[in-house]
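Novice: Listed here are the chains, written in short residue letters.
2 protein chains.
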Amino acid sequence: MTLLTSWIESANSADTDFPLNNLPYGVFSTDTLEPRCGVAIGDMVLDMAAIEAEDLILLHFDPVFDVPYWNDVMDLGPEAWATLRSRLIELLSTDSPDQAKVALHLIPMADVRLHMPIVVSEYTDFYAGRHHATNVGTMFRGAENALPPNWLHMPIGYNGRASTVVVSGTDIHRPNGQIKPADADRPYFGPSERLDIELELGAIVGTSTDLGDTPSVAQADEMIFGYVLLNDWSARDIQAWEYQPLGPFQAKAFATSISPWIVTKAALEPFRTSTPEREVDLLPYLAEPKPMLYDINLSVILQPDGGEQQVIARTNYNTMYYSAPQQLAHHASSGCAMNAGDLLGSGTISGAQKDARGSLLELSWGGAEPITLNDGTTRSFVHDGDTMILSGHAAGDGYRIGFGACAGTILPAKPTA
Amino acid sequence: MTLLTSWIESANSADTDFPLNNLPYGVFSTDTLEPRCGVAIGDMVLDMAAIEAEDLILLHFDPVFDVPYWNDVMDLGPEAWATLRSRLIELLSTDSPDQAKVALHLIPMADVRLHMPIVVSEYTDFYAGRHHATNVGTMFRGAENALPPNWLHMPIGYNGRASTVVVSGTDIHRPNGQIKPADADRPYFGPSERLDIELELGAIVGTSTDLGDTPSVAQADEMIFGYVLLNDWSARDIQAWEYQPLGPFQAKAFATSISPWIVTKAALEPFRTSTPEREVDLLPYLAEPKPMLYDINLSVILQPDGGEQQVIARTNYNTMYYSAPQQLAHHASSGCAMNAGDLLGSGTISGAQKDARGSLLELSWGGAEPITLNDGTTRSFVHDGDTMILSGHAAGDGYRIGFGACAGTILPAKPTA
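Chains as they are written, first to last, in UniProt numbering: chain X, 1 to 417; chain R, 1 to 417.
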């Protein structure tokens, strides 16, 4: 596919994240406008509530865009999602007859504040990157036992905490928690000293299933509304002490950041790619009828307090072993009801190369090999004042489908009582 | 405390679950009334929406009882909860001047259907029963390694799935899932053959905290709205294969049943009792300023299809090592935001004796010692058609604070594709 041209000039640039081919969905406010649904186009945001109020788009007899979340649109289902996208393309294409009316409701991106794009129903995080699982497993259990016995048979996942999913730009206090140094008899309670990021893609479930329903992988793919970048902040020292036998809990509960723009499945369609050949055959309920991953370039950027941004890792979502539809089908395989607004983290996306690792735990090999920044300082884990930024885009022919940034700055831990 | 007498005769019986001292909160409907808030009193249900509509109770300028959940009442906070309880006691006491008006809105319990009493925000399950953790640890890791090293230092918990918390009386299909027999090379996908229950108490969080807040144990106690019985259905074979390294997932996601009546903290106040003496001192953030457990008699009842109910275990909530306020304080210790409607499972409540174990896994010692029922059949795990019932009450002086039943019938697994 090539660039779809728009009458909004900035959307036709080869290096904008938001050409007409993309049209990602977010929630924005300004000094005068309450938070509401918006669509990114070039360096502008389209006020969907205003467009709807003027009947330029009609999805439902009740308004669905004058609210600070896209859940109402999701509830309308995939046919309505397709109608919305084609209508937006009509309105914003070079030959749109409605250019004058629409132009009144474009707001410069620089003038808006971005908010959480959805109300997160529940958050589940997976562990579906083979390089990541192998790296972490090697550090924790040795190279022979790196992958758990179940890993090649199912997308391992665990329930995370939805209440602390925050939008890019939200500052995050370093968490306190129980930490037990290897040479200590007992744990202490204090600030994490091994604060990490996890580079992930988040899939947003757009339609619901009932208790007992078990969608196929193909049906699961149809249920997905879109994708965001996701940083699954992780306190490795808290995690190491707490995670046996029931999994990560407070080590992950303090914050999960997502990028503000939901990139739709429709925008990503030209970039579908397959999961890798299987070492062991998957059970039939996990079979993929077509390519379910996407070719999305990803990078991790670190910006020290007052310093410059520096890329510390580059990888691609096409390296994952399990796709989001496989994860969703597995998630519902017991009959677990899924809801619109459920957020599924892909698991950390690490490539085969050392500089393609999606966590500092891997990049610094557990702190044994700190990375050196351009300013001469080193990092094993995140320092107070560091801003961690995830970035991603799919590269089309003369255009890119960008995700925008998923950024978060770490503030010092709050004092303990 | 002794029995508070009511003009509703059935509430004055020594063996009703719902004397005036109790006043638990639920959601009910009838053939003519949509689901709404109700209060159990003796063998009647008080229609709170009607009582509110007639200005017999005024908690807020907007109605809060004409909805199918108690979340709006929770949002009003502990002072409103106290006002509500004292007003209900006034209206229902023997000497109430409003008896005639109130009597119009009492509906026989036998004529109502009960629904989920709250919208569950998120569900977290703990592992805070020492006998249970020791029993399970002994079976899985041997007696020397029964308790994980962290167990005596923190209430171990994991995030569960809120979307499948269901009210007592909801039938549950036996889940399908990945199962790997010990002697097989590979897993298969099929019905769980080791379907179990877990006898738990559920604490309902009634007030919210913001990201970064870290309530003390005393503050956490004030945040709790009330308690329900909770059956954390568990597919042990699915769990055994999936739970390493990130904890239980589909083994627990297919259903969690709760009793329909929220027994308030106020009703349980006379039954406070302490957690046991600590083998190792807890960190200060987990210190309890006063007794935080309750003396609640609990039993597990099994009813085979078409057969009679039989008690298969009796225990008490006072055997727990960690209280719900300790669990909540730990849950928020990283700064994790908590919300009204969060549900915290206590963990399986097992006593020291063999017949005081709160799961079939423990009662049958992993299937090695099946229990024999009165009808001559045996059980290692739950059979299709079995109804599993949890029951509980605190025993006062001439009255009881009952929880009603938490029941669920297991239907055969749905066929797999």
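Keep in mind that the hints are not guaranteed to be accurate.
No copy is singled out in the list; a pair is fine if it fits within one copy or between any two copies.
Quick list of in silico lysine to any residue cross-link-like pairs, SDA-like style, CA-CA up to 25 Å [what the hints assert, rightly or not]:
1. K180 <-> P415
2. K290 <-> T273
3. K414 <-> P63
4. K290 <-> G385
5. K101 <-> N318
6. K180 <-> A100
7. K290 <-> S216
8. K180 <-> Q244
9. K180 <-> N145
10. K290 <-> V67
11. K414 <-> D210
12. K101 <-> G306
13. K290 <-> A218
14. K180 <-> N297
15. K290 <-> H105
16. K180 <-> M1
17. K180 <-> L283
18. K414 <-> P284
Source of the hints: derived by calculation from the structure; they are not laboratory data.
Novice: If you test the structure against every hint from before, which numbers come out violated?
Specialist: 3, 4, 5, 6, 10, 12, 14, 15, 16
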